[in-house]
Amino acid sequence: MEAISKSTKKKDHEAKISGRALYVDDHVMDGMLYGRLLRSNKARARVVNILLPELPDGYYVVDKNDVAGINRVHIVLDDTPVFAEENVEYVGEPILMVVGPELKPVERILHEIVITYEEQVPVLDMRKSDTVFFNYNYAKGDIDQVMREADQVFVETFQTGYQEQAYLETQGIIAYPHDGRMTVRGSLQCPYYVHGAVAKALGYEAQAIQVIQDVTGGGFGGKEAFPSILACQTAVAAKKANKPVKVVFDRREDMEFTSKRHPSVCTYKVAVKNGEITGMDIEVLFNSGAYTTLSPVVLQRGLICANGVYRIENLRVTGRAVKTNTVPTGAYRGFGAPQTFFAVEMMMDHLAKKLGIDSLELKEKYMVRQGDETSTSGKYHFHVPLPEMIKRIDELTDYREKRKCYQQQTGRYRKGIGLSMFFHGCGFTGSGERDMIKAVAKIRKNADDTVEVLASNSDIGQGLKTTFCKIVADTLGIAYDQVYIDNPDTDRVPDSGPTVASRSLMTVGGLLQRAAAKLKQEWKTGQEQIVEEHFVEPDFVIPFNLKEFKGDAYPTYSWSVNAIEVEVDTLTATTKVLGAWGIFDVGVPIDLNIIQGQMQGGFLQGIGYASMEQMDYNDKGIIRNNSLSDYIIPTAVDVPNLITEIINNPYTHGPYGAKGAGELPLVGAAPAYVEAMENALGADLNKVPFTPEDTMRILQGADQG
Amino acid sequence: MINFILNGQEVASHAKVNDRLLDILRTEFRLTGVKCGCKEGECGACSVILNGRLVNSCLVAMGSIEGSTVMTIEGYCETERFTVLDKAYAAVSAVQCGFCIPGMMLASECILAKNPNPTDAEIREGISGNLCRCTGYNAIVEAIGIAAKEGQGLW
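These protein sequence lines are chains L and X, in that order. Under the working numbering, the first residue of the first sequence is numbered 1, with each subsequent residue one higher. Under the working numbering, the first residue of the second sequence is numbered 1001, with each subsequent residue one higher.
Treat the hints as calculated values from the structure; they're not laboratory data. Hints may be right or wrong, so weigh each one.
DSS-like, lysine-lysine: derived pairs with alpha carbons at most 27 Å apart [stated by the list, open to error]: (1) Lys6(L) <-> Lys1087(X); (2) Lys240(L) <-> Lys104(L); (3) Lys1016(X) <-> Lys104(L); (4) Lys1149(X) <-> Lys9(L).
Selected chain L positions facing chain X (Cβ under 7 Å, derived; list incomplete) [said to hold, decoys possible]: (5) Ser18; (6) Gly19; (7) Asp26; (8) Ala166; (9) Glu169; (10) Asn593; (11) Val637.
Between beta-carbon pairs, the in silico distance windows are [stated by the list, open to error]: (12) His383(L) <-> Ala1121(X): 37 to 43 Å; (13) Met1001(X) <-> Asp250(L): 27 to 33 Å; (14) Arg412(L) <-> Glu1125(X): 23 to 29 Å; (15) Ala1121(X) <-> Glu522(L): 52 to 58 Å; (16) Ala1121(X) <-> Lys6(L): 27 to 33 Å; (17) Ile1005(X) <-> Pro101(L): 27 to 33 Å; (18) His178(L) <-> Gln1009(X): 34 to 40 Å; (19) Glu205(L) <-> Gly1041(X): 44 to 50 Å; (20) Lys128(L) <-> His1014(X): 54 to 60 Å; (21) Lys1087(X) <-> Lys128(L): 44 to 50 Å.
Glycine included, every Cβ here is placed at the ideal spot set by N, Cα and C.
With the hints as constraints, model all of the structure from the sequences given.
This is the structure:
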């Protein structure tokens, strides 16, 4: 283990464990008003009329007419209205907000408002959508020729469902006007995203907006773009009332109406000649919901991962993110990759069966090595540690032996074991880091020789305050206690980009390391000094071209192999997870405890995605699993034997050898789990979540057969 | 008026009988360590110790607590037992986003109060009413195990 990896007490430990840390809902301001949104209860309709009751003094109704700037939330394409205009496009679309000094009257007023709709037929099924929001295609080799010349072409379709972030703290924002400016604070991942969106909605100059991150109770992507929407609505209300306004969602509102993981349908056509895979033709379809939000980038990442970790010389990938009249989907840990990795891993598993070998044997034959081409004709520049990870998994689990042993079981209880191998591209997709984000980070040495880290990245539980401070303290050779970091405030910190895409530590942590090295050279005891660093793309990178979808989509990759073992009770159709093992390569850990926490938390979230997290809408377009009673996430008893290990594979260009970590552990859990279920049930499976109801269907089908 | 003992002090609340204990603790007494995660007894973020037992304060009506003893994280962090758990949680970095943590700490106390030497399985059972979306629970289970060892005689 490297010296930097040794764990230290987290910077935010004391405030959080004592209950003293203040989250957005813990703040109360003088004269503060409380807001609630009135939402469409139709999936697709024209709003014909809105009938308002008489409002008591101090109560306001806020809608599109109060938006002084542009009535669109700045995200990527800026199509999400701040408040609905003529049409509503999904159940839950915000039409107006009621604010006032007490919540009960606010809720009464909401109930008294009568909205007349002219209903239209909604498009709910993504396969029937006629609106393609985004469409990317890429290819290499000659896929048409290998399809023509194949001995056999195997075709199969895979489906994945919604996943709800289920952060423990629901979404919340406070906005307050002062001195001709607007301050917005709350539970969020990306202060500068909120900053840009609120400036546009209010029609203010950028300097007139201040965004402060409060202590944030989890995000997992759910607080990447969504807080920009709520912040615009709350800021418009605060401007109209000229008072502070707080909006905190209750759990049902949060689950039904905030963004979640894109459901997907992926179709794979695989050409085989002389027992060899000669090409893959892949179609990826993502349900974007009613608005575009982050779908272009989610789709890009999904497509880049479509052929998994395999060397496929003839490849065609076509992808669409389509509109439906359902809640807009968005960022979630893994960002498009869990969907396509599930599909490709299951496809390899099913192919192996058809070719009469075990899936691991097939996967090992095609997995990439250092120097190989990536899907987008970039290059795997660094060591690919998959072989040693597989070896370690086999040592820990006796995988190869068990896999054989579990075939052809009879009796009530049947076991199964499955394995997945995968990567996560580190940092923002494509040329985003170089062309769009252009991160800037600063450190400031105070006159008392303490050092403050100034960056816009937020600690949302992943330990960034601790790891940033460790990097700066260690590089300067000063005590960890001498370095500190406050929550980002856009008045004080530069724009070092969003807290997303497993980029904060690798990219911004790298800038902080450079800044600290420079400060060390120029250190003047007792004087105030500031050092600023700007992002520069490493020179080995093959520039990514989005139009051609070619080049290095990521400078490097984090790698992992997962294995999961299950026991199915064929009488009740319930499944016990006997063990879950994950080997992870995230470069050099900057703090081993923190990395283990990320790997264990992400892995369990992935097992939830695979096995129990079922969410869907009904024929009116309403999401019905809108509570933690109806949408089940794992508890402490669900996977008692969850084991994670880190291997040492330093990344030469990361700070201390670190690379991206946060998203990796979620990406491969689903295929490992479903492969294990296949091994136990002796059937080919093609969907997640794979729930006890699905198991029952397979068991009953087998009985009837 | 509803009279009860809150973190060791006798208090009187103006609450109505059907108000939630959660809301009264947060608004009337400004004890914001009690977190609201779901308001339906599923997540455990609003856990408090009521007459020695762990409860979800979102499901407790104020009318039912006359004469009761209520402990929140604000009261608990004044105790010696808290100090032992605090150190153990810090040693394994069990605190991530922190939103579930006040409830987890009170659940930890209740596990150890009932059984000073719990097995991992008993610890898992004991925190199974408290959801955590960040940690995967391993570090929390480990921390409670460490506290059990370090705090011999305290529980």
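For this session: Note whether the CB distance of Glu205(L) and Gly1041(X) lies within 44 to 50 Å or breaks it.
Result: Hint holds: Cβ distance 47 Å, inside 44 to 50 Å.
Problem set entry | When the least beta-carbon distance from Gly19(L) to chain X is tested against 7 Å, hint result | holds (2 Å)
Problem set entry | Ala1121(X) and His383(L) - C-beta distance against the hinted 37 to 43 Å | holds (40 Å)
Exercise. When you take the CB atoms of Ala1121(X) and Glu522(L), is the distance between them in 52 to 58 Å?
Worked result: About 56 Å separates the Cβ atoms of Ala1121(X) and Glu522(L), which means 52 to 58 Å holds.
Exercise. Do the numbers back the hint for Val637(L), that is, is its least Cβ distance to chain X under 7 Å?
Worked result: This interface hint holds because 5 Å falls under the 7 Å limit.
Exercise. Quick one: are Ile1005(X) and Pro101(L) within 27 to 33 Å, going by C-beta?
Worked result: holds (32 Å)
Exercise. Does the CB of Glu169(L) sit less than 7 Å away from some CB of chain X?
Worked result: holds (4 Å)
Problem set entry | Cβ separation of His178(L) and Gln1009(X), checked against the hinted range 34 to 40 Å | holds (37 Å)
Exercise. Is the gap between the beta carbons of Met1001(X) and Asp250(L) within 27 to 33 Å?
Worked result: The hinted range 27 to 33 Å holds for Met1001(X) and Asp250(L), with Cβ atoms some 29 Å apart.
Exercise. Can the restraint linking Lys1149(X) and Lys9(L) be considered satisfied, given a maximum Cα separation of 27 Å?
Worked result: holds (20 Å)
Exercise. Are the Cα positions of Lys6(L) and Lys1087(X) separated by 27 Å at most?
Worked result: holds (17 Å)
Problem set entry | Interface hint for Ser18(L), Cβ within 7 Å of any Cβ on chain X | Result: holds, 5 Å to nearest chain X Cβ.
Of the hints listed earlier, the one the structure fails to meet is number 21.
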